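Modelling step: build the complete structure from the supplied sequences, incorporating the hints.
Sequence order for the protein chains is A and B. So that you can map any letter, position 42 of the first sequence is 42 in the numbering used here, and since no number is skipped, the others follow by simple counting. Going from the second sequence to the numbering used here is simple: count from 1 and add 1000.
None of these hints come from the bench; they were simulated from the model. For clarity, every value in this text was computed on a predicted model and none was experimentally measured. Hints are supplied without guarantee of correctness; some may be wrong.
[As the list claims (entries may be wrong)] Computed far set for chain B versus chain A, every beta-carbon distance over 10 Å:
hint	residue
1	H1058
2	R1121
3	G1206
4	D1332
[What the hints assert, rightly or not] Label-pair restraints from in silico Cβ distances:
hint	chain 1	residue 1	chain 2	residue 2	range
5	A	P163	B	R1183	20 to 30 Å
6	A	P163	B	Q1251	10 to 20 Å
7	A	K166	B	D1181	38 to 48 Å
8	A	L140	B	R1235	47 to 57 Å
9	B	R1120	A	F50	46 to 56 Å
10	A	D68	B	R1121	30 to 40 Å
11	A	V54	B	R1183	37 to 47 Å
All residues carry an ideal CB built from backbone N, CA and C; glycine is no exception.
The lines below spell out each chain.
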Amino acid sequence: MSTVTSSTRAPTSSAAAAPAKPLRKAGQRQQKLAAFTLLAPFTVLLVAVFLVPVGYAIGLSFFSEDHDGLGFGGGETVFTGLRSYLAVLSDPSFVSGFGAILLYCVIFVPAVVVGALALALLLDSGLMRLRRTAQMLLYLPHAVPGVIAAVIWLYLYTPGLSPVIKLFAQADITIDFLGLHTVLPSIVNIALWSGLGYNMVIFYAALQALPREVIEAARIDGAGGFRTALMVKVPIIRGSVVMVCMFALIGALQLFTEPMLMNQATPMVNSRFTPNMYIFDAAFRRNNYGLASAASVILLVVTCALSYAVTRWAGRRERSAR
Amino acid sequence: MRWTGRAGAALLTIFAMLLAGCSAGDSSDTAGSGPVHITFWSALRGSQEVVDEYNRTHTKIKVDFEQVPSGDQGGWAKLSNAARAGNAPDVATIEYPQLPGYAIDGVPRDITKMLPDSVRRKIMPQAMDLTTFEGRTYALPVDIEPMVFLYRKDLFTKHGIPVPKTWAEFESSARKLKKADPRSRIASLFTTGGTLHMAGYSWQAGARWYDTTGETWRVSMDDAPTRKVATYWQRLLDDDLVRVEPSSSQQWRAHLQSGETAGWLAGAWAAGSMMASTPGGKGKWAIAPFPQWDLKKPSLGTQGGSTFMVTKDSNHPKEALEFISWMVTSPDALKAKLSSGISSAYPTVPELVPVARKEMDTSYYSGQDIFSLFEKEAKLINPRWKWGPRMVSTISSGDDGLARAGAGSGSILDALREAQRKTMPDLKSLGLSVTER
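What follows is the structure in structure tokens.
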């Protein structure tokens, strides 16, 4: 994507290079200024909403309110070292949050990749009528903010309110979307609903960029539409597949909105259901900012490590494939 | 260039707004003469009426009241955040279980030395014990709620079922009721709100979830009395003798109204709540003493009840304490509160009980003298109980487990044990001295 912008800029810079020295110097200065100006908003935001909060969280995680005995003598904020980290790691509810995420990933990641890929291939193959309309309709759920989406689905899940449950009930089928074993699939369903169209667009864009001659060659070799899709198109857009997987993984680790709203509706989603919810609960329900910060730092490290691992793994596969 | 300038200006504006947001709400001190203004936050119904009455009859202190959401609806977080930002109100309302947590966080002021003996003596010692830790008093309790059994007298009579005096009788009555009418259940096992009920039952049986002897929190949510209680309720649950539902939920209320649930085990406040929410039950309901484990050694726990604290942030602690002493001990305050609607909250000040009795129209309970019953029961409240340092989250963890137990995964005892397991890391990270028994 960045190559597009630099190539459009190229003619202007070569034009600026032609005149005499002083002018070139001025041009360089101007260019520097432009670069600085363009980078400034990003840098300011990066520092203000990422680096500073991360630094603050790391600081908070090492300093914590400390008490004596029963704790009624009043506490003071002191350096407590790794105490908050040890407490988080010994908390079964923090660890079980990662368990919930893992289970969520096992259902969500394959479903979203296969689903979005299938839709994109269908669109690309031209089998689908009204391609533009279909594309827009599929993308539309992504435009709905996550909270709103969760509220809509919650309405459809709640017994007594939901027309869906009523419909099933008329056919003598009792269905509980918020039960012990159904609640996670219900969350995955919301995420799929809003994520499918978005990821489909990514795959579709990648498919559009495929060299047509390769497809043609496959057809001449006698491959049918299905075979072409599976054996030719998918391997070529593997990069996009890896990217979608990684985004889904990171998104899963950050899972918050949907389960947080479900928490209001069913006790099967507890207030520490995911690591992010654990952090929220520690900070605002338990007023334990040291614990919340330590959990945040751990989550950040896990997310970074996982992203790195996925890119490394994908990179190695890419290289060995070549 | 112009653009960056403008963007910079916009960013600055945003920062300025954020900073302003942080420092907003400073309490303005009224310098010089005129009445002292104190602020008061409460979610309790009738608080506005109480404040109006106070302002009408007092000139030196004026109270500015703000209705806040109830604790679980955001009231607890609101108070914690305000205290953290240094702009808590002068007086705040908090329930008993949450008080120790706030005291450890330094929100309430230690009022031990400021509190006149004349006020302290008026309040039931069992109630004062619940707001006093290591000899330091952190709040004045306004009501204490001995647990009672509300039941459908008409249905019990119709099916010839005796009103249970003991837990053994309670179980046999539950079986008889279900046999007489298979759709009917004697009471509910609550999921949401259930941990507080389990606490009340365990309290009665002699449990001590938090023992503070020896300057250490000795935590045990599965001690022998609790195990007895949990096993008992597990049997009621397994034999489908109680209805499983969240407390104060729509479905629970509907079952009470239809008579499918024929009883309610709750604090004394429930009498008034029932009258307000189930007007159709007039003449059908009655209130019995809570079932006992041993009639020779009667004992009781509580469920519900609130306290008033003077905050550490308060610039006028003396005036604030004067106001809360008035709210707790004055008959005028109680009358003003009752003028806002029906309430059967049991006052912590015994000399106010006749006032409450006089104001209460008990025709709903066929004229039963319910306050005499509460008075007798309140004396049985077991004085050994203490709440723990992080009850908001302990309770919600317990409730999650109870919901799973209700759905057939895990047991009631598992739920309580898990609540304890999920609480310990929190307490340890605060540096508190804690052990598990």
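These are the hints, each one checked on the structure:
With a least CB separation of 32 Å from chain A, B:H1058 remains clear of the 10 Å interface cut-off, as annotated. The beta carbon of B:R1121 is kept farther than 10 Å from every beta carbon of chain A, the shortest such distance being approximately 23 Å. At the 10 Å boundary, the C-beta of B:G1206 stays outside the reach of chain A, the nearest C-beta of that chain being 22 Å off. Taking the minimum C-beta to C-beta distance to chain A, about 33 Å, the non-interface status of B:D1332 holds against the 10 Å cut.
A:P163 and B:R1183 have their C-beta atoms about 27 Å apart, which keeps the hinted 20 to 30 Å range intact. Distance hint check: the CB atoms of A:P163 and B:Q1251 are about 19 Å apart, consistent with the given range 10 to 20 Å. Evaluation of the 38 to 48 Å hint for A:K166 and B:D1181 yields a failure: the beta carbon distance comes to about 28 Å. Look at A:L140 against B:R1235: about 53 Å separates their beta carbons, and that is inside 47 to 57 Å.
Separation of B:R1120 from A:F50 is about 53 Å and conforms to the stated range, judged on CB atoms against 46 to 56 Å. Range check, A:D68 to B:R1121: Cβ separation about 31 Å, and the 30 to 40 Å hint holds. The supplied range of 37 to 47 Å is broken by A:V54 and B:R1183, whose beta-carbon atoms lie about 58 Å from each other.
Hints 7, 11 from the earlier list are contradicted by this structure; the remaining hints agree with it.
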